[in-house]
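*Asks:* Using the sequences and the accompanying hints, generate a full structural model.
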Amino acid sequence: MADLPTHTIVFEILTRLPAKDVGRSKSVCKQWYALLSTQDFVKIHCSRSVVSSNQRVLLIDDLTCSVRPIISNNNDYGPSSTVTFPFHHQNNDVSILSHLKGLLCVCLNHTYELLLWNPTTTAFKRLSTPDSHGFYINNLDAIGLYVDADDDYKVLHIKRRSGVLGVYVYSREVDSWRNIPFITRQEYLSPHFNWSAGTFCGGTLYFTVCECWIGGTNVVICFDVNSEQFKEISFPPVPSNGMVQGVLVNVKNVLHMFASTGMFEMTIDLWTLQGDYWIKVLSCPPIPPISLSLWCDITHYVTNGNWFVMTKLGKLFTIEMDMKPFECFYPVSWFRGFKGAVFVQTIVSPSI
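All the letters of the sequence shown, read from the start, carry residue numbers 50 to 401 under the numbering used here.
Treat the hints as calculated values from the structure; they're not laboratory data. Be aware that one or more of the hints could be misleading.
[As the list claims (entries may be wrong)] Here are the computed lysine to any residue pairs in the SDA-like style, where the Cα-Cα straight-line distance is at most 20 Å:
id: 1; residue 1: LYS150; residue 2: LEU85
id: 2; residue 1: LYS208; residue 2: GLY251
id: 3; residue 1: LYS150; residue 2: ASN302
id: 4; residue 1: LYS150; residue 2: LEU107
id: 5; residue 1: LYS75; residue 2: GLU61
id: 6; residue 1: LYS150; residue 2: THR64
id: 7; residue 1: LYS174; residue 2: ILE119
id: 8; residue 1: LYS69; residue 2: SER398
id: 9; residue 1: LYS280; residue 2: PRO230
id: 10; residue 1: LYS208; residue 2: ILE119
id: 11; residue 1: LYS75; residue 2: SER398
id: 12; residue 1: LYS280; residue 2: LEU238
id: 13; residue 1: LYS208; residue 2: ASN188
id: 14; residue 1: LYS174; residue 2: PRO399
id: 15; residue 1: LYS69; residue 2: ASP89
id: 16; residue 1: LYS150; residue 2: GLY324
id: 17; residue 1: LYS203; residue 2: ASP190
id: 18; residue 1: LYS329; residue 2: PRO399
id: 19; residue 1: LYS301; residue 2: GLY324
id: 20; residue 1: LYS79; residue 2: LEU63
id: 21; residue 1: LYS150; residue 2: GLY251
id: 22; residue 1: LYS203; residue 2: PHE184
id: 23; residue 1: LYS92; residue 2: LYS301
id: 24; residue 1: LYS69; residue 2: ARG117
id: 25; residue 1: LYS208; residue 2: SER225
id: 26; residue 1: LYS92; residue 2: ASP199
id: 27; residue 1: LYS150; residue 2: PHE173
[Unchecked claim] Across the chosen pairs, the derived CB separations fall in these ranges:
id: 28; residue 1: GLY72; residue 2: THR113; range: 22 to 32 Å
id: 29; residue 1: THR131; residue 2: PHE60; range: 51 to 61 Å
id: 30; residue 1: ASP201; residue 2: TYR326; range: 49 to 59 Å
id: 31; residue 1: PHE60; residue 2: ALA172; range: 18 to 28 Å
id: 32; residue 1: TYR326; residue 2: PRO128; range: 36 to 46 Å
Each residue gets a CB set at the ideal place from its N, CA and C atoms; glycine is no exception.
*Replies:* Below, the structure written as structure tokens:
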């Protein structure tokens, strides 16, 4: 096998295999195991895996954790398969905080510990340390996953504790946490502000920061992952006569936001970020009143010119979009539900 003249061809073929088949291929021979374990192979395989056919929906409820494919023909969930958590938990008390290139950052709610987990390979890494790093408190903290210019997978953890804000970065490469400065308005330390999970796009992590009452302040906080500097940009100019919620989505490395506003009837507009300013892409008709329980687990699904809004129970409505088709599937669990995620099946490891 080592003398194969077709090494390049073999490499090209293997980088196009599904993630689970790569795992099986490691047992073929020592040479393949070494090849498939290199960072170069993982990086190229990951870049070729980020396609719609490799996307999966992971849903957690009180009894099961399931993974479902997305059926492109009817834009719905396919048959589910049960997933067994490889780490100790209590009654599925696992919250999904962020996701990037096949890795999920999750919290064990009974211990507050943070973990990196690849549900395709089942590999995981605990991020908690004896000096109190890597512990997450719901409704106070915010998490973002990103990759820097050196291809190091990192976790940004924003912690609010009794009016004190701390920002910490975990590096997969060095397996440790460190503190970084964060200069912003003190009012954002208040628990009246709801921080979203970070959305990684174009070398920046973006967070929505929304005040939890009608007419409150809404902003977007940006974190440049290479300079490690923060800045604040404005929210899209949406009406403030109701509750406002912004959901950030990376579509082909361009940041978009589903901005929702209203009370009994909700309106959702789709915006795109150009520089530091928001441009409206489209508006949907007012959505008829639906129960709060449905709004607590909304998924936006845009594909081939149609925009779907779904929950675990199925579609809420469909909007035909008069724009160039693009594919994107991203979830948002409102009011800190954190019980669903969309991930791409990759072989990216949570540890080096």
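*Asks:* If a hint holds in the structure, say so; if it does not, say that too.
*Replies:* For each hint, the structure was consulted:
no.	hint	result
1	LYS150 - LEU85	holds (17 Å)
2	LYS208 - GLY251	violated (24 Å)
3	LYS150 - ASN302	holds (13 Å)
4	LYS150 - LEU107	holds (14 Å)
5	LYS75 - GLU61	holds (15 Å)
6	LYS150 - THR64	holds (15 Å)
7	LYS174 - ILE119	violated (28 Å)
8	LYS69 - SER398	holds (13 Å)
9	LYS280 - PRO230	holds (12 Å)
10	LYS208 - ILE119	violated (35 Å)
11	LYS75 - SER398	holds (15 Å)
12	LYS280 - LEU238	holds (15 Å)
13	LYS208 - ASN188	holds (10 Å)
14	LYS174 - PRO399	holds (6 Å)
15	LYS69 - ASP89	holds (18 Å)
16	LYS150 - GLY324	violated (25 Å)
17	LYS203 - ASP190	holds (16 Å)
18	LYS329 - PRO399	violated (37 Å)
19	LYS301 - GLY324	holds (16 Å)
20	LYS79 - LEU63	holds (15 Å)
21	LYS150 - GLY251	holds (14 Å)
22	LYS203 - PHE184	holds (15 Å)
23	LYS92 - LYS301	holds (18 Å)
24	LYS69 - ARG117	holds (15 Å)
25	LYS208 - SER225	holds (17 Å)
26	LYS92 - ASP199	holds (12 Å)
27	LYS150 - PHE173	holds (14 Å)
28	GLY72 - THR113: 22 to 32 Å	holds (23 Å)
29	THR131 - PHE60: 51 to 61 Å	violated (34 Å)
30	ASP201 - TYR326: 49 to 59 Å	violated (31 Å)
31	PHE60 - ALA172: 18 to 28 Å	holds (23 Å)
32	TYR326 - PRO128: 36 to 46 Å	holds (43 Å)
Violated hints, listed in ascending order, are 2, 7, 10, 16, 18, 29 and 30; each of the other numbered hints is respected by the structure.
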